[in-house]
Structures are given as structure tokens and as C-alpha cells.
Amino acid sequence: MAAPIAIHLEFGGGAELLFEGLKEHRVTLPSQLEPWDMKQLLVWIQRNLLKERPELFVQGDSVRPGILVLINDADWELMGELEYQLQDQDNIVFISTLHGG
Amino acid sequence: MPVLCSACTEKRAVLKRPKTGHSLCKECFFWAFEEEVHYTIVAAQLFKPGETVAIAASGGKDSTVLAHVMKLLNERYSYGLKLMLLSVDEGITGYRDDSLETVKRNQEQYELPLKIVSYEELYGWTMDAIVKQVGLKNNCTFCGVFRRQALDRGAIILKVDKICTGHNADDVAETVLMNVLRGDVARLRRCTAISTASEGEGVVPRCKPLKYSYEKEIVLYAYFKKLDYFSTECIYSPNAYRGYARTFLKDLESIRPSSIMDIIHSGENLCVREGVKMPVQGTCKRCGYISSQALCKSCVLLEGLNRGLPKLGIGKHHRLHDKILSQQPLTEKEERKLKSVDF
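First to last, the protein sequences are chains W and S. For the first sequence, full-length UniProt numbering assigns the number 1 to the initial residue and increments by one for each residue that follows. For the second sequence, full-length UniProt numbering assigns the number 1 to the initial residue and increments by one for each residue that follows.
Here chain W stands alone, though its shape is the one from the complex:
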């Protein structure tokens, strides 16, 4: 039985607008049998934090193309993307690139 884990979430590049304009969220994921992974985190975010327009954040099992994900300041593509298993005190950043430059 895994202990609950504290995660620091950050939203930037306009993504914060889907989360009531709040850029930082400190959340605690409840304990469960298997370790938490990014795929489950996305489902959790959609259920508990996403206030509107889910199609602007998630697409299928993953994030909408155009949203960058950083895990502890590193590209999630280097960490296994959806399969990455979350650890206590991890920092996850979601940056949207879908706006004018």
C-alpha cells in the first residue's frame, strides 16, 4: 500500500486559464495500491482541478498536442511520458504553446 504523495503542479503559457487562473497548485494524491503514474495524474487533474473545456488540456490519454510537460524541470519525453511513476515532492509543469508570439 503506497503512502499519499504531495505533488507541486504549475500551469503556464495560458494553460492556467483552465484552472481558475491559478498558476501553482500543491496537491496530495491519495494513497493507492499501485504507484501513481502520469497517465493517472492526468485523469485525476481532469476530475479534480480542471474547471472548464477539458478538450483544451487533454486529448485521449495524453495532453493536447501543443502542451509541454516538464517533470522536475526536464522534458517528460526523457522521463517516459505517461509511464513515469510519480514520487513524493515531484514538480510537474504544464506549459501551453498555443497562443500568439
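In case anyone wonders, no lab produced these hints; they're calculated from the structure. Treat the hints with care, since some could be wrong.
[Unchecked claim] Cut-off 25 Å, straight-line C-alpha distance, at most; resulting in silico cross-link-like pairs (DSS-like, lysine-lysine):
{"no.": "1", "chain 1": "S", "residue 1": "Lys-226", "chain 2": "W", "residue 2": "Lys-23"}
{"no.": "2", "chain 1": "S", "residue 1": "Lys-285", "chain 2": "S", "residue 2": "Lys-297"}
{"no.": "3", "chain 1": "W", "residue 1": "Lys-23", "chain 2": "S", "residue 2": "Lys-285"}
{"no.": "4", "chain 1": "W", "residue 1": "Lys-23", "chain 2": "S", "residue 2": "Lys-104"}
{"no.": "5", "chain 1": "W", "residue 1": "Lys-23", "chain 2": "S", "residue 2": "Lys-26"}
{"no.": "6", "chain 1": "S", "residue 1": "Lys-115", "chain 2": "S", "residue 2": "Lys-48"}
{"no.": "7", "chain 1": "W", "residue 1": "Lys-39", "chain 2": "S", "residue 2": "Lys-250"}
Take the given structure of chain W and dock chain S to it, following the hints.
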């Protein structure tokens, strides 16, 4: 298990480059990103020493990174350029006024002079007023045409030799796709050019130093360097046609990241078949600006706005240009067609 940087093999990698697939640490990424822009500038001979260059700045991610990198490279490689920031205020409440605050901060952060030109002072119309008359379907046409001219006018006031814009690889690839989807062969041929030549009165040559820089890398560069930029979608953009091309391109990128460079490559190497009718470049009979018709698009659009005929300039009305120039009245049928607006 942390992945090591493939360049220095010492530090932990922080991103996987879509362009090359390499994993790089922060410092090696900054270096690669900056050096590639430098190479692009040198290979295409974008600037000459002693030139004054206006950086088109909106406060957004691309122009902020462009300003930062241009200043950095100008110093690192002694380009000998005099740089300044040029901004356009389209008069979009809640969007442009906020992003202009960012540009003003950029002016202080990068210590560059700043000039702001507005649609209000140039044309007598803000985008908010235009949308009220024109609706939400074709308003981007007005904004794009007016902004192009506004940048040129601002550049002439500043007496610069060149303008550089923050268009990135994703933008150029989207434009190629859009022009294919809309059958715009003339634009398709021109849109991948990295710089435009100066032809005609009131047109300042412009270039795109970030043409081969992926949007993802621009965002991560700004993030890791903690650059200050404004990031909200224009309130009128959800209806823009470009959105379809962008969604398609993003999906393509997630499957095969090199698609973006490949589409640009396809666009650069397209050849138009002999015998295809192409527009010939001339000048506007009313204002002298560059134009392929008797009246430039800007004059036509403005005429439409001022006469309460919002559809003038949307679609093909070349036959009416002569009537407008000679100030002949339009027939009732013509007026009715030009008034109808879909919101």
C-alpha cells in the same frame, strides 16, 4: 534514471530536441539554440554591419525570445547592428493593452528603444471597432493586412534599414499548409522566403531569423531563461482559419517531429508549372504601397469600413476597384452584396 546530455555527456539532459532527437542539458540547449539562429542569419546573409534593425515585438513568446537572442548574438558576434523594438497596437481590449505592458518591460530589460504605432492613429479604426462592423469571420484579414502596413509605416518613421519578425518554424509550416488548403499558389511560392526584398515605396525589407526554430524550443528557451512574455490567445482568434492548420500540424508533430522542417523544405522547393497565372507586382494608385491590383488591400478594406460595406475586400471585387478610384457610385445590387455580414 536521469538521461545524460548527448553533447557534453556530463550534465543531466532537460529536453529532447524535436528537430534532431538529441537530449541536451540546459547550457548545451541554450548554446545549440543560439548558434542555430546565428547560423541561419549568417548563411542567409540577413544583415549587414552598421544597419539599423527594428525587431517587431508583440510581447509574446516569439518576439521576446527574438529580441533576447538578437541582442545576445549582436554582442557575441559583433554584428554591428543598431537594434530597436517596434510594436503595433491594434486596439484589442484585454489582449493588446496587456501585451504592450510586456513590451514596455522588455524595453527596459533589454535596454532597447521602443516605438508603438496604433491602428487608431494610422487608419482611424481599432480592431474592436472593426469587429463590430465586420463580424468574427473575416476580421483576421483586416488585422493581418493592416498590421503588415503598420509595421512598414513604423519602420519608416524610425528610419530603419530592416524589420525582423519572430515567425518560427511552426508558423511557416502552418502557412504552407494553409496556402495548399486554400489553393493560394502565389502565396505558396513566396511564403517560405526567409527575407523579402525591398520593392516599392513604403516597404521595408523584413526577415525571419527564427524561421527554423521550433516553437517548442522557443517556449523552453524562454522558460529556462526565465524570460518575461505575455501568453494569451487573441480573443478573436478562435475563429481564425489558421487554427485548423495549427491543430493538424501539432498532431503531425507528435507522431513525427521532423514534419515541421519537412513541410518547410517541401514549400521551399515547390516549383510552379509554366502557364499558371501569377499576380504581377505594382503599386497602389491611391497610396503608393506595394500592390498587385489597382488598389492595395489596405485601401480597399479601409474604403469598405468607411462606407459601411464590410465585405469590400473579402473575396474578389477587382472590377469594383476602378469604380472606387473614380468615385463612381455602386449599383444597389453591388452594395447589397457587400453589406451582408455573417457573425
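Item to check | Proposed proximity, Lys-104 (chain S) with Lys-23 (chain W) (alpha carbon, max 25 Å) | outcome: holds (23 Å)
Checklist entry - Is the hinted pair Lys-23 (chain W) and Lys-285 (chain S) satisfied, with a Cα-Cα distance of at most 25 Å? => result Given that 25 Å is the threshold and the Cα spacing comes to 52 Å, the pair is violated.
Item to check | Straight-line alpha-carbon gap Lys-115 (chain S) to Lys-48 (chain S), limit 25 Å | outcome: This hinted pair holds, its Cα atoms lying about 22 Å apart.
Checklist entry - CA of Lys-39 (chain W) to CA of Lys-250 (chain S), is that 25 Å or under? => result Between Lys-39 (chain W) and Lys-250 (chain S) the Cα gap is close to 20 Å, so the pair holds against 25 Å.
Checklist entry - When you check the alpha-carbon spacing of Lys-23 (chain W) and Lys-26 (chain S), does it fall within 25 Å? => result holds (23 Å)
Checklist entry - Is Lys-285 (chain S) within 25 Å of Lys-297 (chain S), Cα to Cα? => result holds (12 Å)
Checklist entry - For the pair supplied as a hint, Lys-226 (chain S) and Lys-23 (chain W), is the alpha-carbon distance within the 25 Å limit? => result Holds, because 15 Å separates the two Cα atoms, which is no more than 25 Å.
Hint 3 alone, counting from the list given before, is not met by this structure.
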